[in-house]
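Going line by line, the protein sequences match chains G and P. So the number in our numbering is just where the residue sits in the first sequence, counting from 1, plus 149. So the number in our numbering is just where the residue sits in the second sequence, counting from 1, plus 149.
Hints are not guaranteed to be accurate.
Any copy, or any two copies together, can satisfy a pair, since identical chains are not distinguished.
To be verified - Derived pair list, reagent style EDC-like, types lysine to aspartate or glutamate, alpha-carbon separation capped at 16 Å:
id, residue 1, residue 2
1, K195, E467
2, K294, D387
3, K158, E305
4, K478, D736
5, K635, D180
6, K400, E567
7, K400, E566
8, K525, E314
9, K615, E291
10, K615, E191
11, K639, E291
12, K227, E211
13, K619, E629
To be clear, the hints were calculated from the coordinates, so they are not data collected in a lab.
2 protein chains.
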Amino acid sequence: MPSYTAPTKDMQFILHDVLNISGADIPGYGDLDAEFTGAILEEAGKISAEVLAPLNAVGDTEGCVMENGVVRTPTGFKAAFDQMSDGGWPGIDMPEDYGGMGLPYVMNTAVGEMFSASNMAFTMYQGLTHGAASAILVHGTEDQKATYLPKMVSCEWTGTMNLTESHCGTDLGLMRTKATPQGDGSYKISGQKIFISAGEHDLADNIIHLVLGKIAGGPEGIKGVSLFIVPKFLVNEDGSLGARNAATCSKVEAKMGIHGNSTCVMDYDGATGYLLGEEHKGMRAMFTMMNEARLGVGMQGLAQAEVAYQNAVEYALERLQGRDVTGAKNPDGPADPLIVHPDIRRNLMEQKSFVEGGRAFLLWGSFQIDRAHRNKDVAADGLISLLTPVIKGFLTDKGYEMTVQAQQVFGGHGYIEESGMSQFTRDARIAMIYEGANGVQALDLVGRKLAQDGGKHVMAFFDLVKGFCKENAEVEGMEEFIAPLKAASKDLQAAGMYFMQEGMKSPNNALAGSYDFMHLFGHTCLGLMWAMMAKASLAALADDTSDPAFHETKLTTGRFYMARTLPMTAMHLTRIQVGGVNVMALDPANF
Amino acid sequence: MPSYTAPTKDMQFILHDVLNISGADIPGYGDLDAEFTGAILEEAGKISAEVLAPLNAVGDTEGCVMENGVVRTPTGFKAAFDQMSDGGWPGIDMPEDYGGMGLPYVMNTAVGEMFSASNMAFTMYQGLTHGAASAILVHGTEDQKATYLPKMVSCEWTGTMNLTESHCGTDLGLMRTKATPQGDGSYKISGQKIFISAGEHDLADNIIHLVLGKIAGGPEGIKGVSLFIVPKFLVNEDGSLGARNAATCSKVEAKMGIHGNSTCVMDYDGATGYLLGEEHKGMRAMFTMMNEARLGVGMQGLAQAEVAYQNAVEYALERLQGRDVTGAKNPDGPADPLIVHPDIRRNLMEQKSFVEGGRAFLLWGSFQIDRAHRNKDVAADGLISLLTPVIKGFLTDKGYEMTVQAQQVFGGHGYIEESGMSQFTRDARIAMIYEGANGVQALDLVGRKLAQDGGKHVMAFFDLVKGFCKENAEVEGMEEFIAPLKAASKDLQAAGMYFMQEGMKSPNNALAGSYDFMHLFGHTCLGLMWAMMAKASLAALADDTSDPAFHETKLTTGRFYMARTLPMTAMHLTRIQVGGVNVMALDPANF
Numbered sequence: 150m151p152s153y154t155a156p157t158k159d160m161q162f163i164l165h166d167v168l169n170i171s172g173a174d175i176p177g178y179g180d181l182d183a184e185f186t187g188a189i190l191e192e193a194g195k196i197s198a199e200v201l202a203p204l205n206a207v208g209d210t211e212g213c214v215m216e217n218g219v220v221r222t223p224t225g226f227k228a229a230f231d232q233m234s235d236g237g238w239p240g241i242d243m244p245e246d247y248g249g250m251g252l253p254y255v256m257n258t259a260v261g262e263m264f265s266a267s268n269m270a271f272t273m274y275q276g277l278t279h280g281a282a283s284a285i286l287v288h289g290t291e292d293q294k295a296t297y298l299p300k301m302v303s304c305e306w307t308g309t310m311n312l313t314e315s316h317c318g319t320d321l322g323l324m325r326t327k328a329t330p331q332g333d334g335s336y337k338i339s340g341q342k343i344f345i346s347a348g349e350h351d352l353a354d355n356i357i358h359l360v361l362g363k364i365a366g367g368p369e370g371i372k373g374v375s376l377f378i379v380p381k382f383l384v385n386e387d388g389s390l391g392a393r394n395a396a397t398c399s400k401v402e403a404k405m406g407i408h409g410n411s412t413c414v415m416d417y418d419g420a421t422g423y424l425l426g427e428e429h430k431g432m433r434a435m436f437t438m439m440n441e442a443r444l445g446v447g448m449q450g451l452a453q454a455e456v457a458y459q460n461a462v463e464y465a466l467e468r469l470q471g472r473d474v475t476g477a478k479n480p481d482g483p484a485d486p487l488i489v490h491p492d493i494r495r496n497l498m499e500q501k502s503f504v505e506g507g508r509a510f511l512l513w514g515s516f517q518i519d520r521a522h523r524n525k526d527v528a529a530d531g532l533i534s535l536l537t538p539v540i541k542g543f544l545t546d547k548g549y550e551m552t553v554q555a556q557q558v559f560g561g562h563g564y565i566e567e568s569g570m571s572q573f574t575r576d577a578r579i580a581m582i583y584e585g586a587n588g589v590q591a592l593d594l595v596g597r598k599l600a601q602d603g604g605k606h607v608m609a610f611f612d613l614v615k616g617f618c619k620e621n622a623e624v625e626g627m628e629e630f631i632a633p634l635k636a637a638s639k640d641l642q643a644a645g646m647y648f649m650q651e652g653m654k655s656p657n658n659a660l661a662g663s664y665d666f667m668h669l670f671g672h673t674c675l676g677l678m679w680a681m682m683a684k685a686s687l688a689a690l691a692d693d694t695s696d697p698a699f700h701e702t703k704l705t706t707g708r709f710y711m712a713r714t715l716p717m718t719a720m721h722l723t724r725i726q727v728g729g730v731n732v733m734a735l736d737p738a739n740f
Numbered sequence: 150m151p152s153y154t155a156p157t158k159d160m161q162f163i164l165h166d167v168l169n170i171s172g173a174d175i176p177g178y179g180d181l182d183a184e185f186t187g188a189i190l191e192e193a194g195k196i197s198a199e200v201l202a203p204l205n206a207v208g209d210t211e212g213c214v215m216e217n218g219v220v221r222t223p224t225g226f227k228a229a230f231d232q233m234s235d236g237g238w239p240g241i242d243m244p245e246d247y248g249g250m251g252l253p254y255v256m257n258t259a260v261g262e263m264f265s266a267s268n269m270a271f272t273m274y275q276g277l278t279h280g281a282a283s284a285i286l287v288h289g290t291e292d293q294k295a296t297y298l299p300k301m302v303s304c305e306w307t308g309t310m311n312l313t314e315s316h317c318g319t320d321l322g323l324m325r326t327k328a329t330p331q332g333d334g335s336y337k338i339s340g341q342k343i344f345i346s347a348g349e350h351d352l353a354d355n356i357i358h359l360v361l362g363k364i365a366g367g368p369e370g371i372k373g374v375s376l377f378i379v380p381k382f383l384v385n386e387d388g389s390l391g392a393r394n395a396a397t398c399s400k401v402e403a404k405m406g407i408h409g410n411s412t413c414v415m416d417y418d419g420a421t422g423y424l425l426g427e428e429h430k431g432m433r434a435m436f437t438m439m440n441e442a443r444l445g446v447g448m449q450g451l452a453q454a455e456v457a458y459q460n461a462v463e464y465a466l467e468r469l470q471g472r473d474v475t476g477a478k479n480p481d482g483p484a485d486p487l488i489v490h491p492d493i494r495r496n497l498m499e500q501k502s503f504v505e506g507g508r509a510f511l512l513w514g515s516f517q518i519d520r521a522h523r524n525k526d527v528a529a530d531g532l533i534s535l536l537t538p539v540i541k542g543f544l545t546d547k548g549y550e551m552t553v554q555a556q557q558v559f560g561g562h563g564y565i566e567e568s569g570m571s572q573f574t575r576d577a578r579i580a581m582i583y584e585g586a587n588g589v590q591a592l593d594l595v596g597r598k599l600a601q602d603g604g605k606h607v608m609a610f611f612d613l614v615k616g617f618c619k620e621n622a623e624v625e626g627m628e629e630f631i632a633p634l635k636a637a638s639k640d641l642q643a644a645g646m647y648f649m650q651e652g653m654k655s656p657n658n659a660l661a662g663s664y665d666f667m668h669l670f671g672h673t674c675l676g677l678m679w680a681m682m683a684k685a686s687l688a689a690l691a692d693d694t695s696d697p698a699f700h701e702t703k704l705t706t707g708r709f710y711m712a713r714t715l716p717m718t719a720m721h722l723t724r725i726q727v728g729g730v731n732v733m734a735l736d737p738a739n740f
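Just chain G, with the same shape it has in the complex (with noise of 0.2 Å):
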């Protein structure tokens, strides 16, 4: 069975010595010493390897199951739930009116990461409640939010998102659910909805439906779609649960993975609905949680990344297996351990050193959020929304991509379901697809993001990395950081200019190349990353710091990133480079 251990260390770390938070000035930030985040990360990890990580394999085992139209979760999370409750994880970052801790969101980031490794179905339950409850609290009355919003930050309810129907996913215009005004301010919203997670289960009392609609007479397409709520009870004046509402779960999904998490279609039959926000500016309520979501979806990549990592880590360790080529290294025994082999530590060095530059990468983008969000920084925040499709694109291919490569350590044995590889790299596949599939991350960030304000938010990042460059060009050690660096961004500013000067001639030739794109920038940014924590840990040597080895390794790994990972910028500009022609040429009969 796999094993979790949450990696606090690296996470105080990167939040201390990289990002140095308790000494940003962002409200809130200020009680965020070393103490302090170590104590909440050290609780959380503690957790999360011992209450979540033991029922990851049985959700996987168990799933869910529907018998009578109730949904049934796996053996023993009804009770983690409840501990977690307990514990106010779920309203780390919630407002303290509400119920919550308060906390900004870059905390947010650090203990979910410890979740979802430990357990990704699980922990979907407690997101889609963040995510509903953060809508609510953005576009609410007051009156909604003093009814929803206690017993969501808690998770004594939980929430649900309903975009997608069967015969439209990205494309929201086409949605046929429909709302009808009932005259008192309610609305009777009738629709068959797919994919929801978390539509239906026993963890909670109720379920607060988030589900978009259109209302007869409103706008075609997409700029006519509201959001509305629509509870599983209905909540009385007093805040009792009244009567069952006409949303009902017709079916539970048969997936790949996260099998412990609900896929339901949910059926609305003339439900009770309030409307969320503005009528037919659904959409709008939808995209204001969309950047922490995608985040929060990237976290999923990177979250099952670690654990996969660290269990092959533990394998390639323990088995013993074929000899050194130079010369065995535990010739007592009958052969030396797998970690010997070169093509295992490649393999092994290409997981931690996109596992740390990848969870520097999230807390940075968190830590933006946070400077958009407390300090209303327009900056951040432009250059958060750039971002937020590199992160949600690049973390969750490369993500599962790193699963399929921590499986492929075990041999075998991580083909078997026993082993628990299978489920890391089967959990993992989803978040490449939801939130918007990748290839509309991709579309995202070269058709939208990328020339958005007049292109500011991309210049931005590139004078950010040139001033990073200048400032520790004369640091010692880091040579071997800075250069790549700078031909990686120049890599980048190339494929820019070539969308700039190709895509007016024909938009085709800078969306053919948008998800090669969407990888340079993602590791591009890998690239920063690794460069500023190479920059944190050759000062804290150089600082006669107590944890020589640790800065040591971070250095290695690093160079590790900057030599051979780093590199696939050319790669990715040369493919970029060739623009649409043949990506497009053949008439679709002929495929």
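We have chain G; now place chain P onto it with these hints.
What follows is chain P alone, placed relative to chain G:
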């Protein structure tokens, strides 16, 4: 539910237009005119589409179930298995003396792709039997051949290969299974083997296990391993079935995929076995089959990519979502089909160009095997020996990757098991692992094959590329193929040179780049295949072919591969030339 259409036309193109098999001076090839091979491929395609493909999901859902020591295969497998035997498919390339059709191996590969694509788990029962029968054919006594082969060629009896034990997979020298001579020419076999595909099932009257074990007193490690025939039911002198042997299945593994194939833990508890080949020469007997077995696994990777691609194309043509950025293509419908979007095209073109290039590589490789076996052509034998790890490792890695890309086209629907897209990825995943995990293939390639016979075979490959480029340098339309192929070949040579120079200093410098080298080599081979196909299509067009659309499509697809995919060789070279220092720098304790 997914569908499958056999790519008969494409196979005919490769066999006749590209390889010109009926004109090859190889015994048995004279009969292979286009009409004859077309008839066989049509029939194989029909049974694949109509009988095997509909059972693919059934096999995945039901799996194999063990009750009271009896393993039940999924509903419909037995009837289909009998139908395949009645058609003579399992013995297509087996000698006519034993009931086979005696056709060349290249035909076995062509129909094998169809069978694997339509139902990989099912086809493995025959594939394992084929492998075991081949071992008996080469290494068995006349008595053994007469006893087992007629029944195995028809699949009345099936076969297995027993190598792995729980503590040893790649490193078979660690094996513990013991063989004790009984004085009557037989041995008692005792030990436990794991991951035995088709180890126990209800499809055949008898199962002939080939089991590796050590005879007491033999050499240590891998040099003391012998191979034994251990039938489930002993065979009487008259060929009838005798006593049940002490070879039993104690567990059927729960796996990520290929659920329709029973993966067994086999317990040999003093089972009666008969030496196959010489004492202590068991590995040699096993390795005789290795090139074919590994090529067969490469084929599985390709086959899953093919069927996944077909279904992705169908979905992309039907699913309406969003609008073409250059103007609506389906203005009367609510949206355009997915295939209008550049990133969907990019994805599908990557799949298409891989699948068609990979198919040519496989058939070309099988052609070399026929030359090696039927013409005793040592140059062909050396070439295919060199390229076997490339075929296995590259085609299964990329094949898997392409199934994942195909699944991605379906968005959320691809994650639901009902779509069948998940099964293609889960089934394809094993091909990267068994018959030697792909890291071991890379090690075999760089550590053994590259320098074999003084590097003669890799030089022969370079000469082949060089010769082709020279011969076709002036052919109009070939520039787009020759130049990239030359560049890729140059990268490959540079990598080989690096290994020669730096590998001397430390083997880790070479082995750290082995995986990249395997991929660099694979891309170069596919580049060569595409150049060969382009030449054939240009000739067909110049010759006023009756099917210009086929050949124009072939050229467009080839141009895509040469321009957008083949340049990945440069990236692999860069990574290789970084060497092993960063890869090996960390102390194992610091991972």
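Checked hints:
1. K195 with E467: Answer is neither; intra-copy 24 Å and inter-copy 49 Å both fail.
2. K294 with D387: Only inside one copy: K294 and D387 sit 14 Å apart there, 85 Å across copies, limit 16 Å.
3. K158 with E305: neither (32 Å within a copy, 61 Å between copies)
4. K478 with D736: between (58 Å within a copy, 12 Å between copies)
5. K635 with D180: neither (36 Å within a copy, 61 Å between copies)
6. K400 with E567: Cα proximity of K400 and E567: across copies only (13 Å, versus 28 Å in one copy).
7. K400 with E566: between (25 Å within a copy, 14 Å between copies)
8. K525 with E314: neither (35 Å within a copy, 61 Å between copies)
9. K615 with E291: This pair counts as neither: shortest intra-copy Cα distance 46 Å, inter-copy 76 Å.
10. K615 with E191: Classified as neither: same-chain Cα gap 36 Å, cross-chain 61 Å, threshold 16 Å.
11. K639 with E291: Classified as neither; 50 Å inside a copy, 69 Å across copies.
12. K227 with E211: within (14 Å within a copy, 30 Å between copies)
13. K619 with E629: within (14 Å within a copy, 42 Å between copies)
Going down the numbered hints, you'll see the structure goes against 1, 3, 5, 8, 9, 10 and 11, while the others check out.
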